[in-house]
Amino acid sequence: MTTAVVISLVVNGERIEASVLPRLNLADFLREHLKLTGTHVGCEHGVCGACTVRIDGDIVRSCLMLAVQTHGAAVETIEGVSDNGEVADLQSAFRERNALQCGFCTPGMLMAAQDLLKQSPSPDREQIREHLSGNYCRCTGYQAIVDAVEATARARSGRSS
Amino acid sequence: MKASAFAYARAASVEHALELLIAHGETAKVLSGGQSLLPAMNLRLISPELIIDIGELSELRGVVVREGVVTIGALTRHADLLRAPEIATHAPLLTKAVAHIAHPAIRNRGTIGGSLAHADPASELPACMLALGATIIARGPGGERRIPAAEFFTGIYETALAPQELLVAIELPACPQGATHFFHEFARRHGDYALAGLAAQAIVRDGRFADLRLGFFAVGDRPLLASSAGKLVDVAMTPEVLTETFAALDEELDPLEDQQATPAMRRHLAKVLLARCVSSLLDRPDLRAEARA
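Residue numbers (the numbering used here), protein chains in the order written: chain E, 1 to 161; chain B, 162 to 454.
I should point out that these hints are in silico values taken from the structure, not numbers from a laboratory.
Heads up, some of the hints might be wrong.
[What the hints assert, rightly or not] Think about it this way: if two alpha-carbon atoms lie no more than 16 Å apart in a straight line, the pair counts; the simulated EDC-like pairs of lysine to aspartate or glutamate are:
1) B:Lys392 - B:Asp372
2) B:Lys392 - B:Asp382
3) B:Lys257 - B:Glu247
4) E:Lys35 - E:Glu14
5) B:Lys257 - E:Glu130
6) B:Lys392 - B:Glu418
7) B:Lys163 - E:Glu14
8) B:Lys163 - E:Glu130
[What the hints assert, rightly or not] Label pairs and their calculated CB-CB ranges:
9) B:Thr232 - E:Glu17: 35 to 43 Å
10) B:Glu247 - E:Arg154: 56 to 64 Å
11) E:Glu86 - B:Asp419: 39 to 47 Å
12) E:Gln119 - B:Ala348: 18 to 26 Å
13) E:Gln119 - B:Thr232: 25 to 33 Å
14) E:Arg95 - B:Pro446: 57 to 65 Å
15) B:Gly391 - E:Ser82: 54 to 62 Å
16) E:Ala88 - B:Thr404: 17 to 25 Å
17) B:Met162 - E:Gly85: 43 to 51 Å
18) B:Leu206 - E:Thr3: 46 to 54 Å
19) B:Glu247 - E:Pro121: 33 to 41 Å
[Unchecked claim] These stretches of chain B come out as covered by chain E in the derived footprint (C-beta under 8 Å, 3 or more residues):
20) 181 to 190
21) 241 to 254
22) 264 to 277
Note that the coordinates shown come from a computational prediction; the quantities given were computed from them, not determined experimentally.
Cβ atoms here follow ideal geometry from the backbone N, Cα and C, with glycine treated the same way.
Make the full structure from the sequences, and use the hints.
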């Protein structure tokens with residue numbers, strides 16, 4: 001049973017069939033098998049949030065999920081949500097507000113921030129901080145990230161900043 | 162780091178999962194949400210030979226309230242508990258507690274059964290189970306077994322579950338009429354493991370506790386249902402009563418030392434939690450700062 005398992009899933013709208021070893025986690029499957037390297041691997045034990053992706057609409061840590069567990073699931077990565085324009089305004093706000101420096105955490109931050117804005121269109125700064133509390137950034141000190149998310153929320157609900 | 166190699170079996174039914182556990186229980190691990198199991202495997206703290214994935218057993222998912230009993234399927238995710246109106250109405254302590262469990266991306270995968278079977282002494286739900294008088298339901302080769310929460314947690318990551326048993330559900334008495342709740346934990350960052358925490362259910366009549374159940378966590382090798390709570394029931398609350406209870410609580414605690422806090426700090430935080438709990442539930446702001454004295 002340590003042999004490879006065949007899985008079938010949808011990644012960013014595309015049907016994928018693959019044969020994977022049970023020990024392969026989803027983050028490594030995305031990066032090494034599918035070459036979707038926007039999903040970053042930081043701590044590999046669920047603390048840093050850099051590997052955040054969406055499974056069936058919910059954000060999850062892709063380092064804490066085995067590729068075999070995604071059989072039958074729909075996976076969305078940062079490549080998917082940036083190519084289809086879903087987070088274009090959030091990306092612009094991150095750029096404008098200097099909410100990234102090295103950019104390592106940014107894909108995970110964008111996935112987590114977009115998740116918040118879908119659930120709660122006008123969060124206050126405390127709610128933004130809480131929702132992003134599982135995503136580490138070692139460059140910005142977080143203030144600019146909270147600014148960017150707040151500005152995007154305002155712009156999306158048609159309020160001026 | 163990456164997990165070492167293991168074999169993988171996707172359980173097609175509870176019976177199938179039990180067959181696998183009976184054959185391989187000693188060397189297998191059950192994979193539910195995986196939010197504690199996979200970090201431990203990635204860090205090579207454990208290297209099971211077989212992973213039994215129960216993630217597709219939808220019959221283990223969901224909340225049912227019937228005749229005063231709330232039954233929660235083992236695979237119910239933290240995110241589901243947080244949003245469930247039945248939980249908000251009939252087990253509001255859980256709604257409060259779940260908001261403190263890790264972060265949204267973790268709550269979207271982690272399950273109540275996984276959390277209880279993992280039995281991390283710093284986690285929230287085991288202490289809630291004690292405070293709410295829950296019953297843990299396990300199935301194994303001999304059929305179903307009902308284990309009171311007070312007998313379920315036996316040490317750090319240790320429970321009364323046998324290697325061949327599967328935790329399938331949790332039963333709670335529905336929240337009694339007039340019951341009130343307190344939940345608070347101290348952590349370095351929102352969502353991190355608690356340095357010390359308290360989950361409490363009380364019934365208050367005429368400014369006194371008619372009943373009080375205090376479930377402490379992260380203050381020992383397992384969650385603690387504090388018997389010192391008895392000192393606070395049916396008495397007129399004064400700073401002296403609270404001070405006596407602190408002493409009794411201190412006797413019951415056996416905090417562990419780790420990178421986050423010393424035992425002395427945890428003992429202090431437990432008192433601060435108790436003072437805040439009593440002050441909040443009795444609406445007595447004057448008692449809030451007693452632990453500092």
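Exercise for review: Decide if the proposed pair is consistent with the structure: B:Lys257 and B:Glu247, CA atoms, cutoff 16 Å inclusive.
Suggested key: 14 Å, holds
Point to revise | Beta-carbon spacing of B:Met162 to E:Gly85 - inside the hinted bounds 43 to 51 Å or not | key: The hinted range 43 to 51 Å is violated for B:Met162 and E:Gly85, with Cβ atoms some 37 Å apart.
Review point. Taking a Cβ-to-Cβ distance below 8 Å as contact, does the region 181 to 190 of chain B have at least three residues touching chain E?
Key: violated (count 0)
Review point. Okay, B:Glu247 versus E:Arg154 on CB: inside 56 to 64 Å?
Key: With a Cβ separation near 35 Å, B:Glu247 and E:Arg154 fall outside 56 to 64 Å, so the hint is violated.
Check your understanding: Does the Cβ-Cβ separation between E:Gln119 and B:Thr232 fall within 25 to 33 Å?
Key -> 27 Å, holds
**Study point:** Within 8 Å of chain E's CB atoms, at least three CB atoms from the region 264 to 277 of chain B: coverage verdict
**Key:** Contact hint for the region 264 to 277 of chain B vs chain E: holds, 6 residues under 8 Å.
Exercise for review: Below or equal to 16 Å on CA atoms is what counts here, so check B:Lys163 against E:Glu130.
Suggested key: Cα-Cα ~29 Å, so violated.
Review point. For the region 241 to 254 of chain B, do three or more residues have a beta carbon lying closer than 8 Å to a beta carbon of chain E?
Key: With 0 residues closer than 8 Å to chain E, the region 241 to 254 of chain B misses the three-residue bar; violated.
Practice item. Hint says 39 to 47 Å; check whether the CB-CB distance for E:Glu86 and B:Asp419 agrees. Key: At roughly 41 Å between Cβ atoms, B:Asp419 and E:Glu86 fall inside 39 to 47 Å, so the hint holds.
Exercise for review: Using the Cβ atoms, figure out if B:Gly391 sits within 54 to 62 Å of E:Ser82.
Suggested key: 59 Å, holds
Check your understanding: Holds or violated: are the alpha carbons of B:Lys392 and B:Glu418 at most 16 Å from each other?
Key -> 28 Å, violated
Review point. B:Lys257 and E:Glu130: Cα distance at most 16 Å?
Key: It holds: about 15 Å lies between the C-alpha atoms, which stays within 16 Å.
When the structure is compared with the earlier hints, violations turn up for hints 2, 6, 7, 8, 10, 14, 16, 17, 18, 19, 20, 21 and for no others.
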